[in-house]
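Peer 1: In the order they appear, the protein sequences are chains R, Y and H. Here the first sequence is numbered in numbering that gives the first Met the number 0, starting from 0 and rising by one per residue. Here the second sequence is numbered in numbering that gives the first Met the number 0, starting from 0 and rising by one per residue. Here the third sequence is numbered in numbering that gives the first Met the number 0, starting from 0 and rising by one per residue.
It is worth saying that the hints were derived from the structure and are not from the lab. Glycine included, C-beta positions come from ideal geometry on N, C-alpha and C. Each hint should be verified, as a subset may be incorrect.
Partial list, computed: chain R residues near chain H (C-beta under 8 angstroms) [to be verified]:
(1) A4
(2) G18
(3) G21
(4) S24
(5) D27
(6) R30
(7) A51
(8) D58
(9) I69
(10) L78
(11) A85
(12) R88
Covered stretches of chain R, as calculated for chain H (at least 3 residues, CB under 8 angstroms) [said to hold, decoys possible]:
(13) 10-17
(14) 31-40
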Amino acid sequence: MIDSATLYGLTGAVLVGLGLFGFISRRDLLRRVLAFNVIGSGTFLIFGAAGARGTEGADPVPQALIITGIVVALAATALAVGLVIAHARATGRGTLPEDDP
Amino acid sequence: MASDLATYLLTSVGLVFFVAGTVGLLRFPDTWSRLHALTKADNLGLGFIALGLVFQAGDWVTVAKLALIWALALLAAGTAAQLVARAALTDMASRGTDPDANAKPDPNADGEARK
Amino acid sequence: MSGVFFDAVLCALILAAALAAVAGRGLFRAVVFFILYGVLVATAWLRLDAIDVALAEAAIGAGLTGVLLLGAVARLARTGARAHDPPLAVVLTAGLAATGMTAVLGWSFLELPPPQGLQEAVAASLPDSGVENPVTAVLLNFRAWDTLLESIVLLAALIGVWSLTRDEAWGAPAGIPQHVRPGGVLSTFGRVLPPIGVLIGVYLVWAGASRAGGAFQGGTVLAAVILLAAMAGVLRPPRVTARRWRMALVAGPVVFLLAGLAGLGAGAFLTIPPVHAKPLILTIEAALTLSIAVTLALAVLGPPEDAAAAPSPDAKGEER
Numbered sequence: 000m001i002d003s004a005t006l007y008g009l010t011g012a013v014l015v016g017l018g019l020f021g022f023i024s025r026r027d028l029l030r031r032v033l034a035f036n037v038i039g040s041g042t043f044l045i046f047g048a049a050g051a052r053g054t055e056g057a058d059p060v061p062q063a064l065i066i067t068g069i070v071v072a073l074a075a076t077a078l079a080v081g082l083v084i085a086h087a088r089a090t091g092r093g094t095l096p097e098d099d100p
Numbered sequence: 000m001a002s003d004l005a006t007y008l009l010t011s012v013g014l015v016f017f018v019a020g021t022v023g024l025l026r027f028p029d030t031w032s033r034l035h036a037l038t039k040a041d042n043l044g045l046g047f048i049a050l051g052l053v054f055q056a057g058d059w060v061t062v063a064k065l066a067l068i069w070a071l072a073l074l075a076a077g078t079a080a081q082l083v084a085r086a087a088l089t090d091m092a093s094r095g096t097d098p099d100a101n102a103k104p105d106p107n108a109d110g111e112a113r114k
Numbered sequence: 000m001s002g003v004f005f006d007a008v009l010c011a012l013i014l015a016a017a018l019a020a021v022a023g024r025g026l027f028r029a030v031v032f033f034i035l036y037g038v039l040v041a042t043a044w045l046r047l048d049a050i051d052v053a054l055a056e057a058a059i060g061a062g063l064t065g066v067l068l069l070g071a072v073a074r075l076a077r078t079g080a081r082a083h084d085p086p087l088a089v090v091l092t093a094g095l096a097a098t099g100m101t102a103v104l105g106w107s108f109l110e111l112p113p114p115q116g117l118q119e120a121v122a123a124s125l126p127d128s129g130v131e132n133p134v135t136a137v138l139l140n141f142r143a144w145d146t147l148l149e150s151i152v153l154l155a156a157l158i159g160v161w162s163l164t165r166d167e168a169w170g171a172p173a174g175i176p177q178h179v180r181p182g183g184v185l186s187t188f189g190r191v192l193p194p195i196g197v198l199i200g201v202y203l204v205w206a207g208a209s210r211a212g213g214a215f216q217g218g219t220v221l222a223a224v225i226l227l228a229a230m231a232g233v234l235r236p237p238r239v240t241a242r243r244w245r246m247a248l249v250a251g252p253v254v255f256l257l258a259g260l261a262g263l264g265a266g267a268f269l270t271i272p273p274v275h276a277k278p279l280i281l282t283i284e285a286a287l288t289l290s291i292a293v294t295l296a297l298a299v300l301g302p303p304e305d306a307a308a309a310p311s312p313d314a315k316g317e318e319r
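Bound-form chain R, shown alone (with noise of 0.2 angstroms):
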């Protein structure tokens, strides 16, 4: 029987995948800050997960990295949404130049 660290650390494994898909194949930037942040939770969840395997109540450590990282992810996410707001009203475009047909 799977257990449910396990299960989580797979889980983290696929958003990782589904938000690196998301992140080469959309071209909105919005839709790839998005896709980022995916990435970004699935890693964590990679982390968290593998820390709590077999183990006897939760790793603080993990733990405390995963939350620095949760608020690291929030202002990257912010910077990102500036300058993809920036780039929009400069060029009237939400994607970059080599990615209009």
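Starting from the known structure of chain R, arrange chains Y and H on it as the hints suggest.
Peer 2: Only chains Y and H this time, still in chain R's reference frame:
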């Protein structure tokens, strides 16, 4: 034992409201009737679940926290419903048609999680 | 047994929400699904017994990121920017790359040796840390370096956001001008909720010393209070030049750095002597909470955009 039974009973009633609200959210034709369904689910469903959990609470502080959670969800759901309804009205006025049923999912539509 | 069943259903919901957010139609809908995804991931953290992370994910991942992205969708809609669907070759290549990535990660996860775990090491040093919550002890004491640098990264990100301001809008209130119906539901909401929000934010920081919670979770709730008050027209968004707000921005890193320098006397930078640990950590945490709240709120509000509200060039540096 009796408290467990009360929890089962009350959370089940809450879940019925959530199911009904979700069905309404998916089946009703326009934004306003969907909001009607959704707020019923949010308010009464969550209320019954919180009430059910009260019987598992060890002390009064936990009961107070549960009550606060319900009150805050009530306040937020009511406000969000008003804002979404107003936005849908503005949308209809600016387009001169019925708001497209699928164009603007309600941002508060956590009913979608429970499909 | 039923626990694993619940986990399987939750994982399926998480993946479905992520798929809808990444690949579904429509940006607005994608963002709504992303918020839902954040709430579900927070539940997953609860199941992994990581309550502090669950709080952070719910408040930051679902809450603030959601507000940020919804605001971005509205602003992008105004520019009329639209993207076309990608060609099939790109989709196939991306699908292949993603499948490969997932396979490698999944395989490595299954092959990982069983964790040694740092629970015992942390538990052994916990009495010296000044707090009872092991996660807070790691964040503010054992791995204080990480947290100090993180608070500086936050500041750097905000400076990056501000640097996107157009020249003529510099000095205006942060973000876009908010229009609220006076006496409407939103302005009422914006008056009712902040006192409760401040209470909950401060409680989370206070509780973080012994139970789940802490500076990041509490600071995020306070940031949400600032955002709500700004959106409801109760609080005029701070000007980027306002000195008092800027002092709030740097208070956390400065207090943290000073505490770190004081540690030099006890041996090395960031050494926190067990005797003074409790008051020292609480001071750092209070300053950090203030800075996190203001930094996150300003980062989510975005660069000032209302050129009409900007002061004339010779009146810069006005204090509010």
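Peer 1: Against chain H, with CB atoms and a cut of 8 angstroms, does the hint on G21(R) hold up?
Peer 2: OK, holds: G21(R) within 8 angstroms of chain H, min 3 angstroms.
Peer 1: Given that the stretch 31-40 of chain R was listed as covered by chain H, double-check it with a C-beta distance under 8 angstroms for 3 or more residues.
Peer 2: holds (count 6)
Peer 1: With a C-beta cutoff of 8 angstroms, work out whether three or more residues of the stretch 10-17 of chain R approach chain H closely enough for the coverage to hold.
Peer 2: Per the Cβ count (8), the hint holds.
Peer 1: A closest beta-carbon separation below 8 angstroms is what the hint needs, so does A51(R) meet it against chain H?
Peer 2: Interface hint status for A51(R): holds (5 angstroms vs cutoff 8 angstroms).
Peer 1: Measuring from the C-beta of A4(R) to each C-beta in chain H, is the shortest one below 8 angstroms?
Peer 2: holds (7 angstroms)
Peer 1: At a threshold of 8 angstroms, is the proposed contact between S24(R) and chain H supported by beta-carbon distances?
Peer 2: At about 4 angstroms, which falls below the 8 angstroms cut-off, the nearest Cβ of chain H leaves the hint on S24(R) intact, so it holds.
Peer 1: Given I69(R) was flagged as interface, is its beta-carbon under 8 angstroms from a beta-carbon of chain H?
Peer 2: holds (5 angstroms)
Peer 1: Is the interface hint satisfied for R88(R)? The criterion is a beta-carbon contact with chain H at less than 8 angstroms.
Peer 2: Constraint on R88(R) satisfied, holds at 6 angstroms.
Peer 1: G18(R) was flagged as interface toward chain H. Is the shortest Cβ-Cβ separation under 8 angstroms?
Peer 2: holds (6 angstroms)
Peer 1: Under 8 angstroms is the threshold here; is the Cβ of A85(R) close enough to any Cβ of chain H for the hint to stand?
Peer 2: holds (5 angstroms)
Peer 1: Using the nearest Cβ pair, does D27(R) come within less than 8 angstroms of chain H?
Peer 2: holds (4 angstroms)
Peer 1: For the restraint on R30(R), tell me whether the closest CB of chain H is nearer than 8 angstroms.
Peer 2: For R30(R), the interface hint holds, since the closest Cβ of chain H sits about 6 angstroms away, which is under 8 angstroms.
No hint from the list above goes unmet by this structure.
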